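Asker: Here the protein sequences come in this chain order: A and B.
All residue numbers for the first sequence refer to numbering that gives the first Met the number 0, where the first residue is 0 and numbers rise by one.
All residue numbers for the second sequence refer to numbering that gives the first Met the number 0, where the first residue is 0 and numbers rise by one.
Be careful, since some hints might not be right.
[Said to hold, decoys possible] Computed footprint of chain B on chain A, listed as stretches where at least three residues anywhere in the stretch have a Cβ under 8 angstroms from a Cβ of chain B:
#1 2-9
#2 140-146
#3 150-156
#4 262-276
Derived from the structure by calculation, the hints contain no laboratory data.
Keep in mind it's a predicted model, so treat the numbers as computed, not measured.
The C-beta atom is built at its ideal place from N, Cα and C for all residues, glycine as well.
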Amino acid sequence: MGLVRYIGRRLLFVAPQLLGIIMVSFFLVKLIPGDPAVLMMGPNASQQALDELREKLGLTLPLPQQFLHYIVNVVHGDLGTSWQTTRPVLDDLMDRFPATLELVTLALLVALLIGIPLGIVAAGRSRGPIRKLADVYGLLAGAIPDFWLALVFIYIFYSTLHIAPAPLGRLDLEVVAPPIVTGSMLLDSLIAGDFDALWSSASHLMLPVMTLGLVNAGPILKMTQSTVERTLSSDFIRYAEMCGLPKRTVMRQAVRASLPSIITIVSVLYGFLIGGAVLVEIVFSWGGAGQYAVQGVLNADLNPVLGFVLFSAVFSLVVYLFVDLLYFVLDPRTRG
Amino acid sequence: MDQSAALDAAPVASAPASLAGGPPGGAARARSGPVGFFLAVLRARPMFAVGYIIVLLMIFAALLAPWLAPYNPVTAAPDDYLQPPNALHWLGTDATGMDILSRILYAPRVDLTIAILGTLISSAIGAPLGAIVGYYEGRSAWRRALSVLVMRAADVLQAFPVFVFAIALVAVFGQSLASIIAAIAFVNIPIYLRLMRSQVLSIRGMRYVEAAFVAGASDVAILRRHIIPNAIAPALAQLSVSVGWSVLLTSGLSFVGAGVVAPTPEWGSMIATGFQNVTTGQWWPSVFPGIALGIAVFGFALVGSSIEVLADPAQRRLVGVKHAAG
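Model the full assembly from the supplied sequences, consistent with the hints where possible.
Answerer: Right under this line is the structure:
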């Protein structure tokens, strides 16, 4: 009952939020210098041809009207055309977004598997080797640039040891991609029962997932450790200890009470990584959505940028909505 | 069973500093002053000293680069391209023959300026805003509206893919130092906003805040004297993550060609220019700047954690006790 109202109230905000996101990004992108017509036709195009193209693209209309057109098109599922790929942006993104999502989701799982256990164990003790390890790891992971680590991994595992495949996309060239069902190469090859593709995609995923996972375990570890530590020194935990509850039970309560902060950092990381994985994507020629958008910005190709922003905005909003629901379940204080 | 009761007291600081009347180690502190206390913290956590040394060395390098660097950082020497580390070029040369050591020594000038300014601006805007929003959330009508508005605006901002947003900002304002700083400051704000808000939300219901309210303290006084000092530690710890993250973001921008322009010595753009060489086996043009970048960020992170200890009343008391005892 309360939950339904909570969700309803939350969803009410989503539409204006989306509108705000599209508006900000539309005008921001419009401010980027560079004339798409000139870029599309090349420097030798005649003035008349340029004018015609601008007319066709709607670039001669006043900005608010252009924005209105864009919104109407978006509502109809038309994100425009990229002049670089000459394909509809929606199709391009549908191809590329799953690649990014698969990479980022697996990396985040790796990061969680490293960060949370290490953080919890380290929070329980104030000295000793595990604590030292956690402290150093947290600082190191925050200090290492992911694209640099990717290069080092490529140098070690590809150039020197020849274990990893060349950093060129999601599959080996000679492997045929499985039919697309979920968009995740791993799942699709499993569904198709194609173990060559499964092995190939797994080996291509290994280095980028390892890179992003190792680097992003840092913030999760830090947040887990500091929150659990704080909780452990709070009154209710002291009370639980005083009552003689077993250590495991006390720890479980402390971890549960720390969950909201941990979930916050994870959700922020998830949203961030959709665009933040772009450097690793570039290093591994991943062909993901972030890479597509960055090329768009650098070449004044507006529609892909807007489309990507819209996609990842919707994604982040869904994640935050989900997080708010989790808060609702976990923290009774938000129900008031 | 008793979990909801437990959660009521959930993730909050232990005892309020504002009521404790100063740390028990106060006697020792009074004797040796703030410098002595600072040294005691360093003695308790030797890693912090490493952090301060690194940061000092970085500042040192930034200031004295012209005297320390053996070569001009932007002079290409096409004959000496891609030399591995040797006696003349300690860290080797890159594809255009520029000396890598010299470029690494010059790089903090650009990187530190961008990262520190960007972080300071974003926290100065985000943290107070977060405290106010957290304090007013769910209170009287217009204050609630204000906090909802700010949080939804933060949602909009955070829904943007940070990196693409930063590149777009730099593209709009033109590729200059100021626009990189602005972009970094802008994308960092929501982090401080959220951190501070969640802390304040859990602290504002504490007994000592209620006591202050009953005693007739104004909202501003309660926020400033009782809530912010107890809520600020995670935000200050975040500063450490942020400075590092900002250097990384800057170098990332340079990596895709939207940040610091090529011949200017900057760690990220150096890694980018060495990118092609790594796959063919010449690792030094990329690896050394990356290590320098990592060490710098590592140092700032350590200094950040030391600030966390110094700023958090509860932790300060812990160190203070040790200080008094030993």
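Asker: Each hint needs a verdict: does it hold in this structure or not?
Answerer: Hint-by-hint comparison with the structure:
1. Under a criterion of three residues with beta carbons nearer than 8 angstroms to beta carbons of chain B, the stated coverage of the segment 2-9 of chain A fails, only 0 such residues being counted.
2. Chain B is given as covering the segment 140-146 of chain A, and this holds because 6 residues of the stretch bring a CB closer than 8 angstroms to a CB of that chain, at least three being needed.
3. For the segment 150-156 of chain A, the assignment as covered by chain B holds, since 4 residues bring a beta-carbon within under 8 angstroms of that chain's beta-carbons and 3 suffice.
4. Counting residues of the segment 262-276 of chain A whose beta-carbon sits less than 8 angstroms from any beta-carbon of chain B gives 7, enough to reach three: the coverage restraint holds.
Going through the hint list in order, the structure does not satisfy hint 1, though it satisfies all others.
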